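Position chains B, C and D against the provided structure of chain A, taking the given hints into account.
The lines below spell out each chain.
4 protein chains.
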Amino acid sequence: MIKVGIVGGTGYTGAELLRILASHPQVEVSVLTSRQEAGRRADVLYPHLRGHCDVVFSAPDADALADCDAVFFATPHGTAMQMAPALVDKGVRVIDLSADFRLRDVAQFKRWYGLDHACPDLLAESVYGLPELHRERIRGARVVANPGCYPTAVQLGFLPLLEAGLVATDGLIADCKSAVSGAGREAKVASLFCEVGDSFKAYGVSGHRHWPEIGQGLEAIAGETVGVTFVPHLLPMIRGIHATLYARLKDPEVDLQAVFERRFAGEVFVDVMPDGTHPETRSVRASNTCRLAVHRAPDGKTAIVLSVIDNLVKGASGQAVQNLNLMFGFDERTALSSPPLAP
Amino acid sequence: MIKVGIVGGTGYTGAELLRILASHPQVEVSVLTSRQEAGRRADVLYPHLRGHCDVVFSAPDADALADCDAVFFATPHGTAMQMAPALVDKGVRVIDLSADFRLRDVAQFKRWYGLDHACPDLLAESVYGLPELHRERIRGARVVANPGCYPTAVQLGFLPLLEAGLVATDGLIADCKSAVSGAGREAKVASLFCEVGDSFKAYGVSGHRHWPEIGQGLEAIAGETVGVTFVPHLLPMIRGIHATLYARLKDPEVDLQAVFERRFAGEVFVDVMPDGTHPETRSVRASNTCRLAVHRAPDGKTAIVLSVIDNLVKGASGQAVQNLNLMFGFDERTALSSPPLAP
Amino acid sequence: MIKVGIVGGTGYTGAELLRILASHPQVEVSVLTSRQEAGRRADVLYPHLRGHCDVVFSAPDADALADCDAVFFATPHGTAMQMAPALVDKGVRVIDLSADFRLRDVAQFKRWYGLDHACPDLLAESVYGLPELHRERIRGARVVANPGCYPTAVQLGFLPLLEAGLVATDGLIADCKSAVSGAGREAKVASLFCEVGDSFKAYGVSGHRHWPEIGQGLEAIAGETVGVTFVPHLLPMIRGIHATLYARLKDPEVDLQAVFERRFAGEVFVDVMPDGTHPETRSVRASNTCRLAVHRAPDGKTAIVLSVIDNLVKGASGQAVQNLNLMFGFDERTALSSPPLAP
Amino acid sequence: MIKVGIVGGTGYTGAELLRILASHPQVEVSVLTSRQEAGRRADVLYPHLRGHCDVVFSAPDADALADCDAVFFATPHGTAMQMAPALVDKGVRVIDLSADFRLRDVAQFKRWYGLDHACPDLLAESVYGLPELHRERIRGARVVANPGCYPTAVQLGFLPLLEAGLVATDGLIADCKSAVSGAGREAKVASLFCEVGDSFKAYGVSGHRHWPEIGQGLEAIAGETVGVTFVPHLLPMIRGIHATLYARLKDPEVDLQAVFERRFAGEVFVDVMPDGTHPETRSVRASNTCRLAVHRAPDGKTAIVLSVIDNLVKGASGQAVQNLNLMFGFDERTALSSPPLAP
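Residue numbers (our numbering), protein chains in the order written: chain A, -14 to 328; chain B, -14 to 328; chain C, -14 to 328; chain D, -14 to 328.
Chain A extracted, bound-state conformation (with noise of 0.2 Å):
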């Protein structure tokens, strides 16, 4: 039994990895941090986890956080690398679900946060934690940064044509399709049900913070330069990124569909659909499963891929704990083997 905490509880990831620990047998949550929320229980704030979760807010402490064996960043970005150094220091392993370890380049990071890197050091050892790319390193890690939302489904839908070569490289497009929880829980107008709901629109095209993560994350599958072209939907929907992806392939007569069940057979949380079909996005509510179609467009020449998460899941909060379970030798799975919700 491992003590872990949480820094920043009172946002969606937060609660997320409240309900996914809540069956995790092998972790106890003992701190969980909110200046707003200190003292009150945390299912005062989310009645769905009474029963199953009796931990109570507390303001973040310093020596409360490194009395835990492992702490999660659940907090805007730019707060993470701030507490990270003196926790790492102490021994406590940090797995930061905020931005400020993914960029691994301070300048791109200043460019698209607006801040000084606190710690260039810690985030040059630190680990992109997207487990399918680099398992061995984040079990060994001192601080895994969790990947963003989108980059975490754009990157493994493009990972076995990229990994094997087959498509160009330049002209790569993500027409991606979030739900609303992926903006948070803040009050903000921008999130309100009537200005989301029976709504679409694309958002951010001129430039979207997750658009260097997606090209960083290419470039390193791809070992050379990619072009990527990254635009951002809003979906009036709760749950669930749908990242449909575009590349020209260099050999019209490959068997993509070869190609994604090897790439991924051993993996246990990427499920290659059979050929033809396509996967929805509740089909992976809820769990931490990424799934996979691959198909050919009518021309031949394009190959299209559709990936489906649950962005608090799979692209959060699901990752986070898949992370930690790595990195403290639980089976990968414990906590989040529960079947996907649908309908």
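Everything labelled a hint here was simulated from the structure, so no lab data went into it.
No false leads were mixed into what you were given.
A pair counts as met if it fits within one copy or between any two copies, since identical chains are not told apart.
Here are the simulated DSS-like cross-link-like pairs (lysine-lysine), alpha carbons at most 27 Å apart as the crow flies:
id: 1; residue 1: LYS286; residue 2: LYS235
id: 2; residue 1: LYS95; residue 2: LYS286
id: 3; residue 1: LYS95; residue 2: LYS173
id: 4; residue 1: LYS(-12); residue 2: LYS75
This one's a predicted model, so the numbers in the text were calculated from it and none came from an experiment.
Same frame as chain A, now just chains B, C and D:
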């Protein structure tokens, strides 16, 4: 490990049984019937179950079912009463999610369902599967009538008031709201997304089949004639029932909160919320919990009970598994202990 | 052509006034105030109005408003009662969509809104703007108190029963369900898509500000003390209110359908549905119609009225324009005659 | 005043024609056919039309239709081509909302719709009813092929780029998302609320009937062969299409905003949004407007066009009425000038 069969596995309650039983360590689903889907894997119809369930639909076969320890009927009314007697004779225990064994009075059954009852004797010995009322009898039952979704929410909400004789038994009002999955997975215009989305209506005001079941249940609890008005409404959502219950208090001074907390103190699947709160349907999504709050109207004379369940779980398949657990001596919570899903 | 001003144009009722008035041939919106948005075109905030409305937000200015023939207040409570007296003195007619002029009794106003009323004299002469009750007085009014959304649906539904003395006046029950736009366009967590989507709950059971308004209205209709229990609920949809109303009939033999049809025979915005039907909220979406159906419970002793409105139209801005039409001698249906939008 | 008939009035496009035409001062709907609903008032099926439409369904009758000035076909494919020749012979003008007259090439029609074309001659003279391209020819047409919903959104979005020769004509991508009403009002499991609600998926990736229509249209605009990949997706909402269009720019320096504004300067139903904005589908809900925004991807080399329509209006019945207006010399905006509905 017991073997169970599911007759009629192509509807929402059948799929939900598969989802729940996938986490049950002592149960194997060995038969899943559907004439129409015979030969197809269940996870082709329900891709969310990929990796969690490898059962294949088969045409109904008496011998295969007789080989099970228990059989669930997730069929329209009229089927279970035809097939149950033979199964019971062979020692198979039956849990019927349809209406065939809910009404004690065959004349009432005929009136509301238009059929002569096929096995009045078995009906007479069957047990109404609301564990909070009949736990001991369920343990030994050969046939359990799994309650309707509305009747579950309504009976649990009125239970403490009627048992303790705190309210007038005429003039009870049950204003109930159900999500669309309550209408099943049948192809009908009235259940189309564009027909029920972003809209709300009452239906069946002049008479709904759950009304006699509610009346029968409340009278059994109260030990006297009860007059209850029941109005169902259709909510533009997928899962959840909210029953708003009104009753005239005999003694305006009674401590309603204490009455409710005392009555359900030992119940693992009934949660009495704190005084002054309002349960949300999402707080029980995907769980077997019934969450209740009790209020007094500003006039002091009317008790108002708010009762929420997930219609597919506590209102159907979850309660059925709870009954199975009781019948076979398993821990009542087995396969039913995951936290609800919110948001 | 008259000139109207709208004070507080950044909420849903303000936007809806703009949408409706865009089709009004005798009205020009000459002033639209918002401190925060001053200088911005309304159609930047509301792109659906591009091409239909070129008004620009301005900071509230007494002279500009005094130059109008009529001013709508689409503000939180407390503003209209401060500004109305000066406007009325200058001959401007006021239609207040907030609560400032709804409660006749200043003590009640203080109790429920926490404020001393700023102009009790003007309150005394103001007219409650439910045209189906006060059409003639509205024509001549200087200040019209536009009714609340719930009170509109509830009063119209109980009206025929109470006017004709057909039901017991104690023990009335109004179980009401509102779409989320009723909570306004304010940034609050409780109105986020992920908080209210795919869920349903009651709120304010212990006391809601529309309760005294409903009580006052029903007592005025009945001519005697009325006891009404009011429970509001929040629907996961954008527009629409459904009131389900219960009353004990004095004479179980009365022809309710005829009573309702007779009472509303001449009303252009009240539609009595055929016997046995159930109005859907979407059947009045975007329209000023209140659609009603009246039923008798199976016990024969309880009248059940189903009443639906679009909360932003008949429950707010549409009724306000209906009142404006009456006050200025326009056809009552002007700008309000488009069919509802379904699906 | 002209008389129009609607063949196949029980689907969403039929109902939407009734809603729109209810406000058309020069049109009387004199015939509305449906075998199944013959004898029933339309407002029984569509209660939102109560008070706006008193037409009664009748069985299809050649003489009654021949007595109309114009006939709309709101039928599945295969019906209009059977009935149109006789009507045209009698001087009736035909607007076909189905696919029968959309594809110029009968071989393509056979390939995608599985039928031999019943009247190739009439097909040859028919006009594709996209007024922004063929306004003058529509005025004189005897048969107008009303475009598909996806093709409308896609063609209007690519139009300025292709007409001006600004982009490479191979490798065009149209990632399209449609609301569920696009699937019609047929009773099918795939359109149930619980199947599509709170979920999102692609469909028909290997080939969709709108693909050849899009290709034919883009080639006509470009004047050369065009390679376009089209992926449709299903949105959990009622109305709206969002097309996200990608094309490689020949000259990265071109002023896209100016190109779009110039091209659509005189168009009443196409709105080019300001630079940097993102149209929402709700901003055109219930209206005949296509709202567009054009962006350049961060790489500078890719044009991204965002195009939204209401699939039932500009994507079907509204465009049909726009065509009718042109054919009979009415103001093009008649019955189509109400503002969109938001929220």
